[in-house]
Structure formats: structure tokens, C-alpha cells
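Trainee: Start from the sequences and build out the full structure, keeping to the hints where you can.
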Amino acid sequence: MQHDDPRNGESTHRSSKKPKISSQFITESDIRDEFSHHHPRVARINNGSFGSCPGSVLAAQRHWQLQFLRQPDAFYFNSLRDGITASRKIIKDLINADHVDEVSLVDNATTAAAIVLQRIGRSFAEGKFQKNDTVLMLHCAYEAVKKSIQAYVTRAGGSVIEVRLPFPVNSEEEIISELKKSIDEGKSNGRRIRLAIIDHITSMPSVVIPLKELVRICRAEGIEQVFVDAAHAIGSVKVDVKEVGADFYVSNLHKWFFCPPSVAFLYCNKSTTSSDLHHPVVSHEYGNGLPIESSWTGTRDYSSQLVVPAVLEFVNRFEGGIEGIMKRNHDQVVKMGKMLVESWGTNLGSPPEMSAAMIMVGLPSRLCLNSEKDALKLRSHLRDCYEVEVPIFHQVPKDGEEGVRDKDGFITGYVRISHQVYNTLEDYEKLRDAINQLVEDGKTCKMLFKE
Amino acid sequence: MASSLHSNNTQICPNPTALNGGSAADGNSQISKKPRLYADPPPLFIPSDIISEFSHHDPAVARINNGSFGCCPSSVLSAQNQLQLQWLRQPDDFYFNQLQPKIIQSRTIIKDIINADHVDEVSIVDNATTAAAIVLQQIAWGFAEGKFCRGDAAVMLHYAYGAVKKSVEAYVTRAGGYVIEVPLPFPVSSVDGIVKEFRQALRRGKQNGRKVRLAVIDHVTSMPTVVIPVKELVTICREEGVDQVFVDAAHGIGCVDVDMKQIGADFYTSNLHKWFFCPPSVAFLYCKKSTNNSDLHHPVVSHEYGNGLAIESAWIGTRDYSSYLVVPKVLEFINRFEGGIEGIKKRNHEYVVEMGQMLVKAWGTRLGCPPEMCSSMVMVGLPACFGISSDHDALELRTCLRDKFGVEVPIYYRPPKDGEEGGVVTGYARISYQVYNKVEDYYKFRDAINQLVDNAFTCASLPIS
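As you go down the protein sequences, you meet chains Z and A in turn.
Just so it is clear: in the first sequence, position 426 is 426 by the numbering used here, and no numbers are missing.
Just so it is clear: in the second sequence, position 9 is 460 by the numbering used here, and no numbers are missing.
Warning: the hint list may mix true and false statements.
[To be verified] Keeping only pairs whose Cα atoms sit at most 27 Å apart, straight-line, the calculated DSSO-like set for lysine-lysine is:
hint	chain 1	residue 1	chain 2	residue 2
1	A	Lys796	Z	Lys147
2	A	Lys739	Z	Lys147
3	Z	Lys270	A	Lys740
4	A	Lys598	Z	Lys131
5	Z	Lys128	A	Lys598
6	A	Lys740	Z	Lys147
Don't read these hints as lab results, they were simulated from the structure.
Mentor: This is the structure in C-alpha cells:
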């Protein structure tokens, strides 16, 4: 039961001490209430992009905000720092870090990437790294991370290697083999690979990466540091930073861990990372360590960093706590994915065991989704005309490869469906029917109006 | 309730007969000089309106420190809450269809208020601390990429804000730059002393063939607070060949006159949550359009990298951007005061000077500067008998005032200079005046200090923490 689970947080937390009997679990109607601020008619199957936050956590957030507004000076001097430390301690336990010093709270994974990469940039500028020393990333890395590499690595003289992620993917071995190829390429011509940036769960297309194995390979191949971009991880897969063994690990708490926008944690392994990590927004706390620097970046609303205890209370109202939520989300999203595949005659983008609470589902080839623009048009059309919110991925066929087919042609588009506790079967049926309607009407992406 | 300026559903006024008379209870609805947002503008605030707008403030506290964290009226908080709910309701739709237009709307309003030429020159960021990081980061690149020579200088005021000083250390000193601090007299009696010190500092910066790459000038210093003659200092910078001038006006908008073309700096930042009634937190960074500063980037890099600072700053990953979006609502609020923001500034200044003079008379001390060199804040000398002799003493006294007397006011320790006699004032309180303040707040402070004097209080008697 959840009160035995060390990852449920400090024992100061009242609710984690009581053994739960089943009548105390959150009910379906409670869940509807908690998410009653969501648009009632929208089939919201995109928790992956912007996450969600239940009403009770929003109420806790408002309480913190009002405390600050009521007497900001007293709040700053007496409450803020302790509140952030309490959140950091809960996170430390959840992710199995050794020291709370290893846990910093920042706005989002995008900010964490800037922190890590700014340091790489400084190393080039200060002559610690040589021109053409290399950073390795996945080809499908999140666009903000790619740009951050451009801004801080390429600009400073470093070079970049992209690891191609095969998609659709059939096994972990495919990914492992691509990584090995890229590392060999990187080390050719005597270049040093200073940093590998590995996603735990890629964004678009979404796949769960065999992280532990990839980190092991990076170490074995002498890559200096590993930064895991796990924006989607906490609340959707197990997060154990000691087991993963990376130097840096970041995850957003507002995606799958019910925090309001926005808050993320950045874990920095004490023994392998230097103290020369800094928040780019420099305050009077500069030099006091990244967690302290990040806890004050000028006057801001820090309430999203303060509600982690309230989130833990919420999560523990579910049977099995966060583990139960993760398992049910995974089972449901796979089930819904298969339901759509069967209805549309298409495919899943990855085997179920390589997905968490999101899965890629092939769209009928008859939609003729042939570009990013088509994908965006279709997404807008689904939003505006069918009240379905789901992100769409355009799969560029690889040269010389056949690609996956349905009965009419090549599958070039995928939806990324998410499942979170507020989703219902009707959400996915709405998507199923919308796509079937479009196909039946003979619509292609090019024919769709931009609303 | 009227909705935002450019919404298709703007309620102009459903009742045409109301066009002729305004509301019955109010005779002054036409005074504001600002362009009208409605056919029938809402009436000016009466005192009970203001009490209600700030009813979320702790009623037991004499809150005379608007300068540190600002304030936000409840009608603006409501508007912010609406925006937050819109996002939570359907974030994808908000992201694709609402967020960018609303940010542009805020930027456009700011552009007009500060007399900038193009909306491209106006970026919205979290706070002046972030703006400083943006400006200073490009200086660091200048050194790293060999545009600047090691030892080229940056000049800043000795009273520059702590965060800005650290930012200069992180981005300039670390990158090989040489930093010069301009000492400023305090208490200050005229602008001449400031101008003289500044010129001297620039000359030092140019010694040994160095170039001064950046001057960081406060418009209104924080602690101790003084209004700096920025226009004059910017002119001197141009005369002396300084590359770029960055004005840190954290206390600028809503507190002093903010006219970009008149001031003439390359960069100018001001917080909107301090004196412009926005919720925490939001600031603007003005960057004069020129070839000199096309290399500005937000340090948090998103997919918008390279699309210009204003666009980069409008998306730095998933965040709550609601504080950036309430500027139209804030303008509505401000325009319900007689004279709009100009009226507010004028009255705040007059009252804070009046209150400051009341206090120095009661305590037998002095103001830290002449009235014309202060804005809506002023430094008021504390009785010398307290024996404030360190920053620690100042903080402890502040805590004592908060905890025992219900008075919130920041205290500055002013070290005695060589040759100054005993009995010199070494502690100053920085009092603020904002629309929610009342004379009782300052009486409470006056009486607290008088009681401490009566009790023969000294900082030496404070517990050592």
C-alpha cells in the first residue's frame, strides 16, 4: 500500500500515514469535479503537451498566491524558502536522489536545458573544451533543446551529432544500434563527446527510450556527461535517478504530475557534476548553489513550486497512488490505441511496452498527410470542427525505405494520444469517428479549411 | 463587464441613453486625458473603491514598502484569474489562438506609454533581473567572440541593485571585462555630485586604451533610493564614446517619467508589478532599434530562437503567462484615477515627501535627498541613538518593526565616512507611498520609532542570530 512506499514523501505528510481503505479512494465523480474547469465538450487527448492540474491543487496554489499578495515581505523572509525546500524534499524522495542539494526547481525542462548547455558554452569560451568537441542528441529531440544547443554549443564552436530514431520503431535494439553508430561517428577524427542528451520519453514521435541501457553505453564509450531530458517522465514512468545513472535529469511536474504551470525539477548528481552550474537569470543568490539560485530569480510568482505537497495528497487519493495512476494510464492508452488502429486499419508507432501514457497511432493514408503544414491543418480542423484536441506528427519517409502501409497507401501521419485520469472512452471514440468521417467524405489534408 | 480592447465581443455600451450623462453618482467622468476605451467611461474611484481594491492586503500592517514587491488591485487579479482559467480550460487552443495576440496587445500599450518608436523594440520579460541577464549575456558573448578586448570596461553605480551587480560579475567579470563602480554621495544634496562622479568613472574606464562597452545606470536607485539624472548621464555616455547604455529602471514606470526617446538609452527595463499595478511578475525591456543590438537573446532558449528578442521572450516554454496579459486591464484601472498614471505619480510623490517631512520633524533627523530627487519613495533618517552599525542591524530592526509593531519598511545602513562626527545618522528607512496608503500608516511608523527611542532601544541590544 502507498504508506509503505518510501517515495510517498516525508512522514510529516498527514495523509501518507493512514492506511487507505477502498471507500476512501477518489471516485469517478470526484475526478470529474477536480477537472470540471476543463472545457466540457473537448475530447482532450493531449495531456502530453501542456499537462493538467486538478481543482484542489489550484485551490492550494491560490492560497499561496494570496499569502504573498497579503504581505509579500513577510512571505519572502519567512515562508518562501521553507516552502520550496519542502517541495524539493518530496521530489528527492520520489526520484530516489541521495541529497536534497541535488534537486533544483526551475520553470520547465526548457530552462533546465539552458542551464546545462550554458555551462557547456562557457567551457568552450574558457578553453576547457576544444573546437569541434561534440554534443550528441537524438534527431527527434525537442525543438527547444535543439535551438538551445545551437545557441550555446554550436555558437561556441562545438559540433553536434544527431542520433536517428527509427520510426515506427519495433524494438529497443533498433534504438541501441543507432546510438552505437552515432557514437562511433562522433569519436571519429579524434573528437571528444562532451555531452549526450538523451530523451527518456521522446516528444514527437513519442516513444519510451531504453534509457538505462543507453546511459550505460554512453559511459562505456567514454562520453563525459549525460543529460536526460525526461520532460514527460515523472508521473508517467518510473523515475529512479540512481538507477538511470545520468549526471543531469530533468522532468516537468506540470505535465504528468498534476502541478499547475509551471514547474520542473533538475537533478544534478553531486559526485559527477561541478558546482559551476548557474541559473541564467542571476540574482543576489549567485554562487550559493543551483538550488538556491533557482529558488530566487527576482520577484516572481513561485506558487507553482510550492504546491508539491498538495499534489502528493491528491495523488495518494488514487488506488495505488502515482504507481496506480501510471499503470492505469498506460493500460488505457494502449487499449485506446488498439481500438483506433482496428477502426482505421492502421498501426501503432511503437510496441506497447515502449509507450507510457502516450502512444502514436497511424492515420489512414487516404488523408494524404504529406507535410508539417498538413499535420497542423488537420489538427486545427479537428479542434475547430470536431472538438478533438490531439497533436499530429508527419512521418517523413526515409530514403530507400518502404514505410508502413495500410490498404490504400503509405502511412505518413500519426496522432499522439495521451491518457490521463480525467479521460473517458468517449474522448477516443470522438477522435475515431472524426477521422472516419473525414475519410468517408473523401477529405484530404489539403482540402481542409484553415479556421 | 467590458472585455479586452480588441475582442470581437467588446461591449461598447448596451444602453445608448447612458451616452449623455455618465453615471448618476459621479460628476467627473470626463477628466481623464487618456483615449477612452468605452463610449461611457466608468467613474473615477472614490476612497472606498480603493479600500476594496486592496482589501486582500493584511489590514494589520502599515505597508509602507510598495517599492520592494509592488501591489496589485483585486480587479486586475480577477482579470488574471480569468486568463489563467482560459488556459487551464483548453491550453492548446489558448496557445495557438490567444497567447501571442494578447502579448502583442500588452506590448503595444507599453510602447505607447513609454514613447517607443516600434512595438518591435518592446519585449516582455519576468522582471528587471531577467532583463539584466539578457543585456549582460550579449556583453559576455562580445568578450568570448573577440569583439571586445580583455579588460574593456563596464561601468555601474555603486548603488546598483544586488542582482545586477552579481549579473555583471557572472557575465562581464567572468568573461574578462573590467568593472568600475561609480561611488555616489549619500545623503545627496544635488545632482551635481552624481554627474561629477559619473564622468570621473568613465574617464577611469577609458584609461590604458580601454573601451567602455556598457554603462549600467539606475533610473531610481533601490537602496538608498534617489532619482538619478539619467538623461544627463546618457548624454555624457554618448560624449565619452560608451558603446551601449543600459538603464535599470526597475522602479521606473508608474514612479517617474519614462520616455524612451527623451532618455535616449540603448536598453531600458522597468518592472510593471512594482508601480504599475500588475501582478507578479512582469517587466518590459526596451531595446532601441539599431545595428548595435541585434544579437540579443533570451537566455532560456525555445523554438523561437532567432526570431527576435520580443518573440523569443513571448515563449520560453510552458509557463503561466497571465501576468504578461493583464496590461489592458491595468490601464482601465489606472484610468479610473484622476489624471491617470500622471495623477497617481504626482500625488504619490507629494504625499511621500509630506510624510517624510512629518517623520524627520518628529524624530529630529533628515531626508536622504532633496524632495526633487525622490519619486514615490524617500529615505528618512532614523534616530542616531539606535546605533545602527551594520547591514545585520538594519535587517534586525526591520524584523522588529514587522513582528512587534506591524510596520513593514526596509532599512538601509549608511556607514559613517571618515571625518564624520558622532551622532551621525547611520540608518535610513525607505518609505513608499502608493494609492492604498493612508496617513495612519506613517503615524504608526512614527509612533513605533518614538516608542523605541523612549525605551532606549539600541541595535546592540538585539539578539545575535
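Trainee: Hint by hint, say whether it matches the structure.
Mentor: Status of the hints after comparison with the structure:
Simply put, lysine 796 of chain A and lysine 147 of chain Z have alpha-carbon atoms about 43 Å apart, too far for the 27 Å limit, and the pair is violated. Among the hinted pairs, lysine 739 of chain A with lysine 147 of chain Z is consistent with the structure: their alpha-carbon atoms are about 25 Å apart, no more than 27 Å. Among the hinted pairs, lysine 270 of chain Z with lysine 740 of chain A is inconsistent with the structure: their alpha-carbon atoms are about 44 Å apart, more than 27 Å. For the given pair, lysine 598 of chain A sits about 18 Å from lysine 131 of chain Z by alpha-carbon distance, which is consistent with the 27 Å threshold.
With a C-alpha separation of about 20 Å, the suggested pair lysine 128 of chain Z and lysine 598 of chain A falls inside the 27 Å cut-off, and the hint holds. Distance check on the hinted pair: lysine 740 of chain A and lysine 147 of chain Z sit about 24 Å apart at the alpha-carbon level, within 27 Å; holds.
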